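J.: Quick note, the sequences are listed as chains D and G, same order.
The opening residue of the first sequence carries number 1 in UniProt numbering; numbering runs sequentially from there.
The opening residue of the second sequence carries number 1 in UniProt numbering; numbering runs sequentially from there.
Just so you know, the hints here were simulated from the structure itself, not pulled from any lab data.
Bear in mind that the values here come from a model prediction, so they are computed numbers and not experimental data.
Any given hint could be a false lead.
Said to hold, decoys possible - Subject to a maximum C-alpha distance of 25 Å in a straight line, what follows is the list of computed DSS-like cross-link-like pairs (lysine-lysine):
id	chain 1	residue 1	chain 2	residue 2
1	G	LYS247	G	LYS179
2	G	LYS258	D	LYS337
3	D	LYS147	G	LYS147
4	D	LYS258	D	LYS147
5	D	LYS353	G	LYS353
6	D	LYS309	D	LYS258
7	D	LYS337	D	LYS258
8	D	LYS147	G	LYS154
9	G	LYS247	G	LYS221
10	G	LYS337	D	LYS353
11	D	LYS353	D	LYS339
12	D	LYS337	D	LYS353
13	G	LYS258	G	LYS353
14	D	LYS179	D	LYS247
15	D	LYS221	D	LYS247
Single-letter residue listing:
Protein chains: 2
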Amino acid sequence: MSQPTGACPHAWRHQQQHRGRMWATSRAFRRQLVLLRSLLPSPPTPPPYSFPSVAGRFFAPSCSSPSSTPSGSIRASHAMAGSAVYEADAEAVVRRITPPLDRSRHKGQAGKIAVIGGCREYTGAPYFAAISALKVGADLSHVFCTKDAATVIKSYSPELIVHPILEESYSDCVSNIMKHARQANIPTVVDGDGLFLITNNLGLVEGNPFAILTPNVYEYKRLVQKVLNCDVNEETAAEQLTLLCQKIGGVTIMRKGKADVISDGKTVTQVSTFGSPRRCGGQGDILSGSVAVFTSWARHFIMSNEEPKEKRVNPMTLGCIAGSLLLRKAASLAFEKSKRSTVTTDIIEFLGKSLEDICPAEH
Amino acid sequence: MSQPTGACPHAWRHQQQHRGRMWATSRAFRRQLVLLRSLLPSPPTPPPYSFPSVAGRFFAPSCSSPSSTPSGSIRASHAMAGSAVYEADAEAVVRRITPPLDRSRHKGQAGKIAVIGGCREYTGAPYFAAISALKVGADLSHVFCTKDAATVIKSYSPELIVHPILEESYSDCVSNIMKHARQANIPTVVDGDGLFLITNNLGLVEGNPFAILTPNVYEYKRLVQKVLNCDVNEETAAEQLTLLCQKIGGVTIMRKGKADVISDGKTVTQVSTFGSPRRCGGQGDILSGSVAVFTSWARHFIMSNEEPKEKRVNPMTLGCIAGSLLLRKAASLAFEKSKRSTVTTDIIEFLGKSLEDICPAEH
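Can you build the whole structure from these sequences, using the hints too?
T.: Next comes the structure, spelled out in C-alpha cells:
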C-alpha cells in the first residue's frame, strides 16, 4: 500500500473530468465498481440482517438501515471515563446480541461481510478474518484483494467469494471506500495496515461513530503519539484511551493486549478472560472478522430493542466485547488441544464450539 | 458473462463459413470441442447408466438414450395444479430411483456430470456442485470453467476433472451448449447466473422438458415478472408456479425456499422436511449437483420400468424431490454437529450418511 490507484466513488467523478471516458470504461475501474456496489444496501427492501459491508485488513459489518449515532452508557459492567475500568459481562453481551436462528430467514440475513485486504505478501490475514466471520455465523463472506492474492485465498477455502479487483498499491482506493462507508453509515473495522493508513490520514475516521480501530501495542503507541502528541502512560491508561477516542471524534477503539480495553470516548470496558499463552500471528485477524459480525448483530439488536436504556448502548462497544471474548474462549480450547503447536487455524476451528457453549443455537 | 465467445456446435458451422479454417483450428475452438464431445452419447452402445451431461452453474445429468417427453401425474403424493400442494413422499422417491450398486458395472455407469461454471470471482459454486455429485454417487464429475478458475478449483480437490476451456465471458458459449443439450435430450439443471441468462433469453429453455430451473427467492421473482408480467403472489403460489412452467413450455421449476416447491406445469409437489436454520451461501450448489445425479437415476428408472403408471411420472420432478430431501437431511446432520459455524463443506460431508440412512447400499 504505497501509491494511489483511485477508482472509488468520490475519486471517480473527479477523475472523470481529468482523464475522460477511458478511465470510466477501464477494466480496473469496472472491477472496482463491483466492490463499491456491494457496499450499498440492496434495493428495494433489504432484509433486516443483511449487511453489505466495507472492511479491510480493514474489516467491517453493517446493518441494512442506518441508525442514529450510537451513544451513551453501557450498563452496569461499564464505567465512565476517568474512573476505573470495569470488566464487561462479556458472556451476557454475547447472549444478548446473538440473533436466534429463525427458519424463515434466507441467505444473507444473518450477515454479509466484506474484507478489503490481501496483496502479494499477505494472504493469510484476510482469509482468517473472512473465514472467522462465516464460522461465527455470517451467511456470506467476500474478500476484495489483488489478483495475485486472490488465487491463493480462493484455494484456502471454497466458502469465500474472492474478488481480484485491487491494484497492488491500493491505499487511495481504501481511503475512498472508508469515506463511502461512512456516508452510508456502514460500520468499518480497521486493523493492520489500515491503522497505518488512518494514523497518517486521521480525517478518514474523524467523527465516524461507526469506525472501530483495533490497534495492538505498537499500533496503539503510534496512534497516541500522533493524536495526543505524547507517549503511552499506563498509569492513566483509561483516561488516555478515552481522550484518544474523543480527539479522533467518536470512534471506538479496542486496545488489544493482556486485557482488551474498549472505549468510545464515553465509557471504558475491558475483557480479560484468559485465552492462550500462544501468540501465533493471525489471532488479530480472527478478532477483526468476529467483531465485524458481532457489531452488526449488536446494531440490529439495539435498533429493534424497545427498552430506552438499551437504546443508548453503543453497538460498536458490544461488538468489540463479544468478539474479544469469543477469540479468547476459542484460543483457550485450541491450546488445550494443541498446546505449543497451536496455530490460528486451530483456533478458528473452535469458534463454533465457543459460541455454542455460551449461547446454544436453538433447534 | 457479458460477451460472446462462440465455439459451440450450432455456432460452429456458421462461423466456419465466415472465418474460414483459422477458427476451426484455433486453440479456443479445440478446447471447447472437448466440452461438446462430452455431451454426445458414447458410440456405439452407451452403457445404461452413462450420462455424458451438460450442466452449468448450469448443471446437468443425462441418460444415454432419449425417452419420450415426460408427462403425467406423479403418484399419490402429488397434486394437480390449481389444487393444494401435496408433500412428496421424498424418502420413498429416493429409495425408488437410487440404483443398486452392482459389481458388474464399470466406471461411468453410475453417472457422469458436467458443471459449466467458474470464473474470476466464483470458484466455490461449481466446486460444491461437482463434488456433491460425486458424494451422492456419480462416478465422474467434470467442471468446465475459465483458466483462472481452473487452477483454484483443481486445488480444492483431486477428485474432479477440471477443464480450463472457457473464456472469461462465456454466455454465448453456454447458450449454445444449452441448445445442443436440448437437441440431444440431455437434462440440464440451470441455477445461479444461468437463470439470469435464461430469464433474458427464454428461448433457451422454452419447450424443453429436460430443463430444470432452480431459482431462489430473488431469481424466482425476476422470472415471474419477466414471464407472467406480474409480481409473486403467495396466495396463488401453486397456480402461479404451474402457469410459469406452462408459459415457458414444459420445463420443471423447483422454487427454493422454506419448502422447495416443484412443478412441471402439470403437478405441484413440495419437500418441506426441515433442514437447518443456517443460510450460508453454497447450499444451492449442493442442490444443483445432487438434482443432476438423481434426475439421471430417475430417468433411467422410469425408462426401465414396466409399470404403465410409473411410465408417466416425470423423472425431472423425481430428481428434484430426491435432491431437495438429501440436502435437507445433510444440512440437518451438519447443523447438529457444527451449529452456527456450519458451512457448506460441513453439509457436503453428510451427503453420504444421509443417503445411506434413507437407502442403505447393498453389500
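J.: If you test the structure against every hint from before, which numbers come out violated?
T.: Those not satisfied are hints 2, 4 and 6.
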